[in-house]
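Here the protein sequences come in this chain order: X and Y.
Position 187 of the first sequence, counted from 1, bears residue number 187 in UniProt numbering, the numbering being contiguous throughout.
Position 55 of the second sequence, counted from 1, bears residue number 55 in UniProt numbering, the numbering being contiguous throughout.
Everything labelled a hint here was simulated from the structure, so no lab data went into it.
Yeah, the Cβ is synthetic: ideal placement off N, Cα and C, and Gly gets one too.
Check before you lean on any hint, since a few could be wrong.
Here are a few chain X residues that face chain Y, going by a calculated C-beta distance under 8 Å [said to hold, decoys possible]:
#1 26
#2 28
#3 40
#4 94
#5 101
#6 116
#7 118
#8 127
#9 135
#10 137
#11 240
#12 268
Far from chain X, some chain Y residues (derived; all Cβ distances over 12 Å) [claimed, not checked]:
#13 5
#14 55
#15 56
#16 58
#17 62
#18 63
#19 65
#20 70
#21 129
#22 144
#23 152
#24 209
#25 225
#26 270
DEER-style ranges, computed between Cβ atoms [as the list claims (entries may be wrong)]:
#27 Y:169 / X:279: 21 to 31 Å
#28 X:12 / Y:143: 38 to 48 Å
#29 X:12 / Y:187: 16 to 26 Å
#30 Y:176 / X:197: 50 to 60 Å
#31 Y:181 / X:13: 16 to 26 Å
#32 X:217 / Y:168: 24 to 34 Å
#33 X:262 / Y:14: 34 to 44 Å
Letter by letter, the chains look like this.
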Amino acid sequence: MASSTHVTFPNKFLPYLLLAPQLAITIVFFYWPASQAIRQSVLREDPFGLSTQFVGLGNFKRILSDPNYLNSLQVTVVFSIATAVIAMGFALLFAVMADKVVRGKGIYRTLMIWPYAVAPAIAGMLWLFLFNPSMGTFAYMIRSAGYNWDPLLNSNQAMLLVVAAAAWKQISYNFLFFVAGLQSIPKSLIEAAAIDGAGETKRFWTIIFPLLAPTTFFLLVVNTVYAFFDTFGIIHAVTGGGPGKATETLVYKVYNDGFVNLILGDSAAQSVILMVIVIGLTAIQFRYVERKVHYG
Amino acid sequence: MIQNNPIGRLIAHIVLIVGIMIVAFPIYYAFIASTQSLQDIMRPPLSLLPGGHFWENYTTALFGGIGRIGGVSVGRLLINSTIMALAIAVGKIIISILSAYAIVFFRFPGRMVFFWLIFITLMLPVEVRILPTYKVMVDLGLIDTYTGLTVPLMASATATLLFRQFFMTIPGELVEAARVDGAGPWRFFKDILLPLSKTNIAALFVILFIYGWTQYLWPLLMTNRNDMTTIVIGLRKMISFADADTEWHLVMVTCILAILPPVLVVVLMQRWFVRGLVETEK
Numbered sequence: 001m002a003s004s005t006h007v008t009f010p011n012k013f014l015p016y017l018l019l020a021p022q023l024a025i026t027i028v029f030f031y032w033p034a035s036q037a038i039r040q041s042v043l044r045e046d047p048f049g050l051s052t053q054f055v056g057l058g059n060f061k062r063i064l065s066d067p068n069y070l071n072s073l074q075v076t077v078v079f080s081i082a083t084a085v086i087a088m089g090f091a092l093l094f095a096v097m098a099d100k101v102v103r104g105k106g107i108y109r110t111l112m113i114w115p116y117a118v119a120p121a122i123a124g125m126l127w128l129f130l131f132n133p134s135m136g137t138f139a140y141m142i143r144s145a146g147y148n149w150d151p152l153l154n155s156n157q158a159m160l161l162v163v164a165a166a167a168w169k170q171i172s173y174n175f176l177f178f179v180a181g182l183q184s185i186p187k188s189l190i191e192a193a194a195i196d197g198a199g200e201t202k203r204f205w206t207i208i209f210p211l212l213a214p215t216t217f218f219l220l221v222v223n224t225v226y227a228f229f230d231t232f233g234i235i236h237a238v239t240g241g242g243p244g245k246a247t248e249t250l251v252y253k254v255y256n257d258g259f260v261n262l263i264l265g266d267s268a269a270q271s272v273i274l275m276v277i278v279i280g281l282t283a284i285q286f287r288y289v290e291r292k293v294h295y296g
Numbered sequence: 001m002i003q004n005n006p007i008g009r010l011i012a013h014i015v016l017i018v019g020i021m022i023v024a025f026p027i028y029y030a031f032i033a034s035t036q037s038l039q040d041i042m043r044p045p046l047s048l049l050p051g052g053h054f055w056e057n058y059t060t061a062l063f064g065g066i067g068r069i070g071g072v073s074v075g076r077l078l079i080n081s082t083i084m085a086l087a088i089a090v091g092k093i094i095i096s097i098l099s100a101y102a103i104v105f106f107r108f109p110g111r112m113v114f115f116w117l118i119f120i121t122l123m124l125p126v127e128v129r130i131l132p133t134y135k136v137m138v139d140l141g142l143i144d145t146y147t148g149l150t151v152p153l154m155a156s157a158t159a160t161l162l163f164r165q166f167f168m169t170i171p172g173e174l175v176e177a178a179r180v181d182g183a184g185p186w187r188f189f190k191d192i193l194l195p196l197s198k199t200n201i202a203a204l205f206v207i208l209f210i211y212g213w214t215q216y217l218w219p220l221l222m223t224n225r226n227d228m229t230t231i232v233i234g235l236r237k238m239i240s241f242a243d244a245d246t247e248w249h250l251v252m253v254t255c256i257l258a259i260l261p262p263v264l265v266v267v268l269m270q271r272w273f274v275r276g277l278v279e280t281e282k
């Protein structure tokens, strides 16, 4: 926290002027719409938009007992866990290997980070191009091997495809953090264990992995937030929530109910639930950040 | 010495090379497809080497205009994306460096209230309040404008927090010395604070440029006209699996052109980017 002894400039008017641009944008495009979302979440509009009435928590009650919403909650959880585990698993493996090599470190890192710059939607389209049933090369190969591959019709295959695209895009981000985390582990600890006769695998699981726990935990939160929100583009571009509702995540459903089906009250109530989820995740993240943790 | 294990190192190299193949293959393959004719793409499996239609495909896409998006050229979409990414990056850096300056170097009534007002925005991405935000945009007449595409995304606490953190590490003596020498707040900001913040600004620029370039939901809703949309959304509109008339060779060219600018920014500014990413922790 800022110490009260910090030297400052005496000025009555200037600080407000400096804050004005950010506050203006925040109020107009953030607080105003957010308050509207909360207001709409307790209102119900008739189908023709002629009248609205106050329904209290009615919208929330209906949503939380709606099988479609619960389905989309389940889809989101499965999607997020799969994406986070795959993206972090591969990233950790590559980071540990990158920590071992002496020559070529820089080149490996450079080649590893570019998917970070690829938009999630484009990541989705790249994978769809490889795996779409009509002309994808990999789809052709899978079919030649005798499997019935059609992610546009089969729910599990659709999920597999969006998870692959989402995880692929996130590997580079996780990789950079794991590399930084590994660099901060004192080499003397590892050498001491080696002298005591611990093999490489044992050293990894008893020393390196536990010391990486803060990084892993941080990445778990970040990857969950990513899978919840930033993957909207992948879902929208690749499956459109389908087939059926097999890949309809919570954010996709908010969009779909609000902009396609035009059910304002439901969409707003879903927004509010999402806000609660993000605030929860952010709070967890900050508690952890406050418990120090330094990256190289 | 535990590092001196040639077999272990060899395995590490092999794993990394396989990893890079996984990471790079989808992009490489899109590039291959972007140099083939439409007929070749429609007949899988596709060759692993570039075809002979590089110039033809790229010039058609860049300057010719693409039927599925109303004859708008990819060049136009690239300009839109560049404007959006640059405006968001520069705008965010300016407004947040100013507000962080106010919060750290001035004492005034309501300082902490304002800090919290900004801080809370960190927690709520556009996606969770999308419908009411869209309504505000319609009411303000900002659909299909660059203002609508960029200004609302400039309000976020990440950059402000980063600058605040950095400013708090600047020793009070420096401020005192500046004041003794008769420098006012503006001189101090311009001659001392800005030069000291150079690395932070560079790091943030990379992260925010990527953030602006890869936006999806926002430009999807903010633009109806094809000539105002970004390359990512334009790309989405070019693809249809229901129709046979998707011009896949041009789609793949667009993919590559949409990937190239942000990848270049990341790779060329790698040093600042990695530092900034790990320091901002998001």
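inquiry  = Run through the hints listed earlier and report the numbers of any the structure violates, in increasing order.
reply    = Per hint list: 11, 13, 21, 23, 24, 26, 33 violated.
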